[in-house]
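Protein chains: 2
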Amino acid sequence: MKTLRLNANDRAALLGSCFFEKLPVAASNAIIEDVVVSTHEEHDILFSHGEPLDHVFVVLSGLVRLYRLGKDGREADIAVFPRGELFGESAMFLGNRATANAQAIDTTMLARIDSRKLRKLAEQTPEIADALMQLLCRHAQMAEDCLAEDRLLTAPQRVASYILGNCPDGTLSFSFRLPFQKNVLAGKLGLAPEALSRAFSALRRSGVTVRGRVIEIHDRQALERF
Amino acid sequence: MKTLRLNANDRAALLGSCFFEKLPVAASNAIIEDVVVSTHEEHDILFSHGEPLDHVFVVLSGLVRLYRLGKDGREADIAVFPRGELFGESAMFLGNRATANAQAIDTTMLARIDSRKLRKLAEQTPEIADALMQLLCRHAQMAEDCLAEDRLLTAPQRVASYILGNCPDGTLSFSFRLPFQKNVLAGKLGLAPEALSRAFSALRRSGVTVRGRVIEIHDRQALERF
DNA sequence: GTCATAATTTGATCGAGGTCAACTCGTGAG
DNA sequence: CTCACGAGTTGACCTCGATCAAATTATGAC
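Top to bottom, those sequences are chains A and B.
Counting in this note's numbering, the first sequence runs from 125 upward without gaps.
Counting in this note's numbering, the second sequence runs from 125 upward without gaps.
Calculated directly from the structure, the hints in this document are not laboratory data.
Any given hint could turn out to be false.
Since the list can't tell identical chains apart, any single copy or any two copies may satisfy a pair.
[Stated by the list, open to error] List of simulated lysine-lysine pairs, DSS-like, C-alpha gap at most 30 Å:
1) K244 <-> K312
2) K306 <-> K195
3) K244 <-> K146
4) K146 <-> K312
5) K312 <-> K195
6) K146 <-> K241
7) K195 <-> K241
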């Protein structure tokens, strides 16, 4: 891991991210003031469950996986964060200890925000507090969505749901590129890679074509009914 | 559903709850000011997914279940809230629409807090914002814990984990009473009632005795190893 | 292009847990 | 006391998805 100062490019990435975009400029600048940037290789561990943690992170580029470990060493993904996402915020409110493990899935650049400082700023600036609350809510929702999907849907249905989540509302047919390896998607959906593969081939019958990372949908309706 | 004003008794229950206990008195009073109380019978629906919702709730007595519906009508529990818990807060930050269904599991009394007002107070009072953020974090953690347990543990292991979560740290043997029907516990753990029953009988071999709602643990270690 | 390696798919097998049906038990109404 | 009902348990069966092994297809290094 190498750490650097924030350059103009990173700065733009940071300010364009979902957390910052709605904040007043002054508030953003206050937060960003002494942010540092760290770079990580694929597979690098960013932090481990239970470890002291006094930053929150924003993904400037690359991809980060949040997961828990079972007693037997098996891993369960909690979330995957693409460019622009803020993560690690729960430690800030729960004793400054990581509540999960985080790993770079790819060559990744992170902005590190001092969590004590962010918390202090949130106290002084209602807009920041509000943005944080919205973020926390979104993350809670993501986890609840996952939980409900795990419990209610079969593997092909979860994959269909994921695809539809990436498909704009109006269209009937549509195509997009997976933002990561199938490997990672499998983890995110709580499936073994083999199960994901089989799910895709089950969906082929409902008009889904998979060529490498490119997914094509020919009949949105059929997918919704699945 | 009948609605009433807050009496002295309710007031005490409310102020003793986890959300309020750390707040300064002035802040609590401001929030409570025009709270109303509603009473509900077992099985009453409190709100439904997607419905407009402009209150947050505190359980004064009874029990509330938060769940999502599958396309086929099956239900997946997200959380169960006992007396003293605040819930329904995510609607406040996500367009004032319920993000799940809520049902009384028992005869239940709720305090209803106007969410617009609470949000406004949070803007003016850092302590309230902070308490809200902690609450949101805790709820996010609960969901993530559930998700990880669902993915990493078998049914008997999840039950063991639940029991251990109700068992003080030091003790070797211990006994407690389930705060609700096994039915409800099964839902909370994402199990069919039959599976819960079988899980209990699997744990019998590790020193767990079940008589009605009373659970007895004779060997904490064995349970942890399970 | 050619090879080595990693990613993905396919096949075969197995176990966890859901579902349905039957049975037991405890509890409250009368 | 007796009955009826609902909660909980047990048995039988079956489906989904995990796992292991093997085949196949990218992908990058050279």
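Status of the hints after comparison with the structure:
Within a single copy, K244 and K312 get their C-alpha atoms no closer than 33 Å, and across copies no closer than 36 Å, so neither meets the 30 Å cut-off. Proximity of K306 to K195 under the C-alpha cut-off of 30 Å is found in both arrangements, the shortest distances being 25 Å within a copy and 26 Å between copies. Taking the shortest Cα distances, K244 and K146 sit within 30 Å of each other both inside one copy (19 Å) and across copies (18 Å). Taking the shortest Cα distances, K146 and K312 sit within 30 Å of each other inside one copy (28 Å), while across copies they are farther apart (36 Å).
For a Cα distance limit of 30 Å, the shortest separation of K312 from K195 qualifies both inside one copy, at 20 Å, and across copies, at 22 Å. In the homo-oligomer, the alpha carbons of K146 and K241 lie at most 30 Å apart both inside one protomer (19 Å) and across protomers (22 Å), since each shortest distance falls under that limit. For a Cα distance limit of 30 Å, the shortest separation of K195 from K241 qualifies neither inside one copy, at 35 Å, nor across copies, at 45 Å.
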